[in-house]
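Make a model of the complete structure from these sequences and hints.
Taken in sequence, the protein lines are chains A and B.
With my numbering, letter number 79 in the first sequence gets 79, and the count goes up by one each step, no holes.
With my numbering, letter number 122 in the second sequence gets 1122, and the count goes up by one each step, no holes.
Think of the hints as simulated: they come from the structure by calculation, not from any bench.
Be aware that a few hints might be false.
Calculated pairs, SDA-like style, for lysine to any residue (alpha carbon to alpha carbon, straight line, at most 25 Å) [unchecked claim]:
| # | chain 1 | residue 1 | chain 2 | residue 2 |
| --- | --- | --- | --- | --- |
| 1 | B | 1175 | A | 90 |
| 2 | B | 1056 | A | 95 |
| 3 | A | 224 | B | 1176 |
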Amino acid sequence: MQAQSTARADIYSRKRLIFSSIIIFVVIPIIMLIGVTIFNDRKYNLISMIIVLLACVPFFVSFERRKPQAREILTIAVMSAISVAGRAAFIWIPAFKPVTAITAITGFAFGAEAGFLTGATSAIASNIFFGQGPWTPFQMFTWGILGFIAGLLGQKGWMKSKIALIIYGVFAGIMYSFCMDIWTVISYDGLFSWKRYLIAMSTAIPFTIVYVISNVVFLLVLAKPIGEKLERIKVKYGMLNN
Amino acid sequence: MKAFETYHPIVLFAYFASVIGLSMFYMHPVYLLITCIGAITLNLLLNRKSFISGLKFFLPMFFIAAIINPLISHDGEIILFYIDYNPITLEAIVYGFAMSIMICSVIFWFGCYNVVMTSDKFLYLFGKVSPALALVISLTLRLVPRFKHQITVISHAQKTIGMDISAGNPWQRVKSGIRIISILITWALENAIETADSMKARGYGLKNRSTFSLFVFEKRDGFLLGIILTLLFINILGSYFGVTTYYFYPTFTELTVTPISIGLYISYASLLVIPIVIEIREAIKWRSLKYNM
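Following this line, the structure appears as structure tokens:
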């Protein structure tokens, strides 16, 4: 039974690899080519939004094709709802969001896929409350990929120590800020310019610092208690083990 | 009198996807003017209050973003003056304002999208593409208010045993706050498993299960969808042949007034005014009905 399920998981991860490679190496370059040749103009803002959305597709497709159990769906929904409620609770401090931390904690406990889905779902759901905008696809992808990275690190068992959590929190805060600035810059010049990117980044430094602080604070406070609860649920009900 | 909202979600989504996509795409001054006016008018019709209160946030952003551009970019032929030996050009100033108009229009269009595409419509559409993920999102949306309610329940209970977040020194308050969150998460996870088992007991994931929704695709939806797609196609064709390209650097392209370009401006404007026309037609219909009574 165990062997069978790991074999199945293998097939799924191989399928996902093929599928994501097709998207990354075929579909995205074609779209870039269309952007460069047919529109022969600097329209990277639209193209970049489409590419970021497409980058999320492999994760969604593999989740969909796996026919997830009700328990997995509910756990991801609970963690996303907690991060959305947390974002709402701290809305009065700009940029102070627990979303990254809770996504990362889910990733540590349940693996890369659950981490990605929690991050992406949190972005969509919280923007349903706070308003969608051109930033939604970027938030989806950034939070998703941060959860994904957290999942990979967690499976290696590296995230038990406080120092690892602090390093991850700083990294995640800076990466979030970097990714969210890209759209501002691209939409302004039509194409990506390092000069403007540096300016956008330097004006965003206060926000970056707040991102980093909130990530580190929430990770240090929440990682152990929530992590233990998730482990307990996992052991008690035997779920999300692949 | 919200008449536009009553159309089928796929029509609404097609409308906003094409309008937002095209608005991000065009830097042609006439197109910018059309999209900006269209977005503001529809916002005033649909969500006047939050639009006006949002303006005090967007107007400064608009000007700051527009002013930064000439300071960074020194391309262009018409030099107005120098700051520290760096030329400030008219082209860069105009380009800065054009970009600000584009970004603000996109954000305004998203404002209308947020009013019209409510979460049930979004989930209905998304559920067709990705049912499992749509289920995750809809559960998340339901759980958020539930958690808020449960937090008040837990904090009332904690108060009775002396763990009150509104009393004591800051450290004690933080401690009781964390305790409440910890209790909430334990409860939420156990509760989630129960919900999941209940879903399973009712046959979640079995074959031949149907879903119910209130949205019916009527004749008028098909009609409107046809119009939207035709206008979108015309506009894409126009930009493919370069009628809508406009350059700010090295200096402004001349605005051409040919029958084709005027036709394209009109087609773009008519795509954008669809909801406005629908709203106004509905308002007139109501008024005349009242009149006849």
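Here is what the structure says about each hint:
1. B:1175 to A:90: 17 Å, holds
2. B:1056 to A:95: 20 Å, holds
3. A:224 to B:1176: 17 Å, holds
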